[in-house]
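**Q** Its first residue numbered 0, the sequence shown is counted upward by one per residue in numbering that gives the first Met the number 0.
Source of the hints: derived by calculation from the structure; they are not laboratory data. Hints may contain errors.
Stated by the list, open to error - Ranges between beta-carbon positions, derived for each pair: (1) Arg316 <-> Ser346: 40 to 46 Å; (2) Leu290 <-> Arg444: 29 to 35 Å; (3) Thr342 <-> Ser437: 24 to 30 Å; (4) Ala239 <-> Leu286: 30 to 36 Å.
As the list claims (entries may be wrong) - Capping the alpha-carbon separation at 20 Å, the derived lysine to aspartate or glutamate pairs in EDC-like fashion look like this: (5) Lys374 <-> Glu321; (6) Lys332 <-> Glu400; (7) Lys409 <-> Glu420; (8) Lys332 <-> Glu343; (9) Lys374 <-> Glu420; (10) Lys332 <-> Glu387; (11) Lys383 <-> Glu312; (12) Lys329 <-> Glu420; (13) Lys332 <-> Glu380; (14) Lys374 <-> Glu312; (15) Lys186 <-> Asp171; (16) Lys186 <-> Glu132; (17) Lys329 <-> Glu377; (18) Lys332 <-> Glu370; (19) Lys409 <-> Glu217; (20) Lys383 <-> Glu324; (21) Lys215 <-> Asp171; (22) Lys381 <-> Glu370; (23) Lys381 <-> Glu335; (24) Lys381 <-> Glu324; (25) Lys383 <-> Glu336; (26) Lys383 <-> Glu335; (27) Lys332 <-> Glu321; (28) Lys329 <-> Glu254; (29) Lys362 <-> Glu343; (30) Lys409 <-> Asp44; (31) Lys381 <-> Glu336; (32) Lys383 <-> Glu352; (33) Lys409 <-> Glu377; (34) Lys409 <-> Glu321.
On a predicted model such as this, the values are computed, not experimentally measured, just so you know. Each residue gets a CB set at the ideal place from its N, CA and C atoms; glycine is no exception.
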Amino acid sequence: MRLLRVLLAVFMALALPVTSRAAFEDAGFGPRDVAMGGAFCAVADDPGVIAYNPASLGQASSLESSLVYLRQFHIPSGESDRDSTRAAVAIPLRQEILNGALGIDMRYDRRTNVGGDRAFAVMYGTRGQSETEGGGVDFGGGFKLLTTSFDSGGKAGTHLALDLGTLYRFSDRYAVGASLLNFGSPKFGSDRAPLTLKVGVAEQMRGVIFAADFTKRESSQSGNGQHTMALGFERWWATARAGQYALRSGMSLGEGTHTWSWGLGWRAQGARIDYSMTVPMTGTTRLGHGLALSVRFGRADPEGEYEKLLSQELRYRRQLGEALEASSVKQWKLAEELNRLRTEMSSLNAQLEMKKVSEGDAKRRLGELQERQRKAAETFEKLKAAREKAASQTRASLFQEDWRSYQRAKLNGAADSTLLEHIGRILRDYRDAGVDLSEANHELRRLQRAK
């Protein structure tokens, strides 16, 4: 009977799916990057980059913190059964010596029936370390203190690991990143934190991100070294009063598992909520979920505010155009009336010459018509002058509104590329408007020198 129990236990262990049990695997940071399939090595301006590429930290434009929970059954390296909770903060530093951002990350992973993993990380990424035409190169790195405890009892102590990374920006849209994670590969009993190499590329436009990552891991307790290819997409939509909404999707294709992920996001007034779901395409069918709350301090999202101001400006210009069009119609009708009066006066003059009407009656009618023409001409000139004055005032007021919008974006810390695009549009729109553009030209030269 005892032998039968042993054989039954061995059979059940072999029949169960093998799960990834390695400590400190690259399991993602939060629902935003997980929903994009883990393609995040070249994405910037998010605390989650601390788990992918410390060099991307330097692009942080304001103080931002994130609180994350993930329930995962499939991670890029294989099947898993873990709960992950972490908190991170990105702190911009704008000094002559330290121009970049500091990242602090605290993480706790609970691996079911195995143990718990704790990590504390401090990372730093540069900003504009080496500028090139239209882009630049940044570097980043930091250390992690890793601790593992086992359900069977005991701890593996605290070990040190290093993360290193670089980010090359071709322009405001394109970037390539590479990172080396868990350098030193600290051991925890029979397990180890696998050394991981990541290479990624990303295209970031206004509200849209396309990204792709390639990952190579060394062997650990979860199995031999594995390769993973990740593809991700994100799209934001802005509304006038209800904040901004995001849709994300991505795939992770590896030797251990294939997954498809999707997610949603909402942000307003500097706060952001993200959700993700991971759907396995191989192995056990258990859905993973993630939820995160992020808060950006010091300012709301400048891109969203800029889009909102732009939509309001377009609506105001459309209404103004309709009013000017109505005024043009009135002016056209008055011009038609003047032409009709001129035609009638010419006819009367011809009748006088041909003696078809009496001279007195013709002069009376001619005088009446001349008086009507004079009044119509005065009205026409007044309307024309008023329209020209309104158009001039409108252009001047539009310029002042655009300039105030630019100043608000500048004070809110908008990126230089956004400011450069804004000031270029102002100079194009008001080049021949008769307004003073000296201050705008001076600002354009300042931004060009700053590049």
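**Q** Decide, hint by hint, whether the structure agrees.
**A** Going through the hints against the structure:
Between Arg316 and Ser346 the CB atoms are about 45 Å apart, so this pair conforms to the stated range of 40 to 46 Å. In this structure the hint that Leu290 and Arg444 lie 29 to 35 Å apart at CB is violated, the actual value being about 47 Å. Taking 24 to 30 Å as the suggested C-beta distance range, the pair Thr342 and Ser437 does not conform, at roughly 50 Å. Separation of Ala239 from Leu286 is about 35 Å and conforms to the stated range, judged on CB atoms against 30 to 36 Å.
With a C-alpha separation of about 27 Å, the suggested pair Lys374 and Glu321 falls outside the 20 Å cut-off, and the hint is violated. Straight-line distance between C-alpha atoms of Lys332 and Glu400 comes to about 33 Å, which puts the hinted pair past the 20 Å bound. For the hint pairing Lys409 with Glu420, the CA-to-CA distance comes to about 12 Å; that is within 20 Å, so the pair holds. Straight-line distance between C-alpha atoms of Lys332 and Glu343 comes to about 17 Å, which keeps the hinted pair within the 20 Å bound.
Distance check on the hinted pair: Lys374 and Glu420 sit about 49 Å apart at the alpha-carbon level, beyond 20 Å; violated. A C-alpha spacing of about 17 Å is found between Lys332 and Glu387, which places the hinted pair at or below 20 Å, so the restraint holds. The straight-line distance between the Cα atoms of Lys383 and Glu312 is roughly 26 Å, outside the 20 Å bound, and the hint therefore fails. Between Lys329 and Glu420 the CA atoms are separated by roughly 38 Å; this puts the pair beyond 20 Å, and the hint is violated.
Using a Cα cut-off of 20 Å, the hinted pair Lys332 and Glu380 holds, with the two alpha carbons roughly 14 Å apart. Taking the CA atoms of Lys374 and Glu312, the gap is near 38 Å; set against the 20 Å cutoff, the hint is violated. Proposed proximity of Lys186 and Asp171 is contradicted: the alpha carbons are some 41 Å apart, above 20 Å. Between Lys186 and Glu132 the CA atoms are separated by roughly 44 Å; this puts the pair beyond 20 Å, and the hint is violated.
Among the hinted pairs, Lys329 with Glu377 is consistent with the structure: their alpha-carbon atoms are about 15 Å apart, no more than 20 Å. With a CA separation close to 19 Å, the supplied pair Lys332 and Glu370 stays within the 20 Å bound. Between Lys409 and Glu217, the direct Cα distance comes to roughly 46 Å. Violation of the 20 Å bound is thereby established for this hinted pair. At most 20 Å may separate the alpha-carbon atoms for a hinted pair to count; Lys383 and Glu324 meet this at roughly 13 Å.
Of the pairs offered as hints, the one joining Lys215 and Asp171 is violated, with about 28 Å between alpha carbons and a cut-off of 20 Å exceeded. A C-alpha spacing of about 17 Å is found between Lys381 and Glu370, which places the hinted pair at or below 20 Å, so the restraint holds. Of the supplied pair hints, the one linking Lys381 and Glu335 holds, its CA atoms being roughly 16 Å apart against a limit of 20 Å. Distance restraint check for Lys381 and Glu324: the Cα-Cα separation of roughly 17 Å lies within the 20 Å cut-off, and the hinted pair is therefore satisfied.
In summary, the hint linking Lys383 to Glu336 is supported, as the alpha carbons are separated by about 15 Å, within the 20 Å threshold. With a CA separation close to 14 Å, the supplied pair Lys383 and Glu335 stays within the 20 Å bound. A hinted pair counts as satisfied when its Cα atoms are at most 20 Å apart, and Lys332 with Glu321 qualifies at roughly 17 Å. Of the pairs offered as hints, the one joining Lys329 and Glu254 is violated, with about 73 Å between alpha carbons and a cut-off of 20 Å exceeded.
The suggested pairing of Lys362 with Glu343 holds, with an alpha-carbon distance near 13 Å, which does not exceed 20 Å. For a cut-off of 20 Å, the pair hint linking Lys409 to Asp44 stands: about 18 Å separates their Cα positions. At roughly 16 Å between alpha-carbon atoms, Lys381 and Glu336 fall within 20 Å of each other, so this suggested pair holds. Of the supplied pair hints, the one linking Lys383 and Glu352 is violated, its CA atoms being roughly 35 Å apart against a limit of 20 Å.
Under the criterion of a C-alpha separation no larger than 20 Å, the hint pairing Lys409 with Glu377 is inconsistent with the structure, at around 48 Å. Distance hint between Lys409 and Glu321 is unfulfilled; the C-alpha atoms sit about 31 Å from each other, more than 20 Å.
Going down the numbered hints, you'll see the structure goes against 2, 3, 5, 6, 9, 11, 12, 14, 15, 16, 19, 21, 28, 32, 33 and 34, while the others check out.
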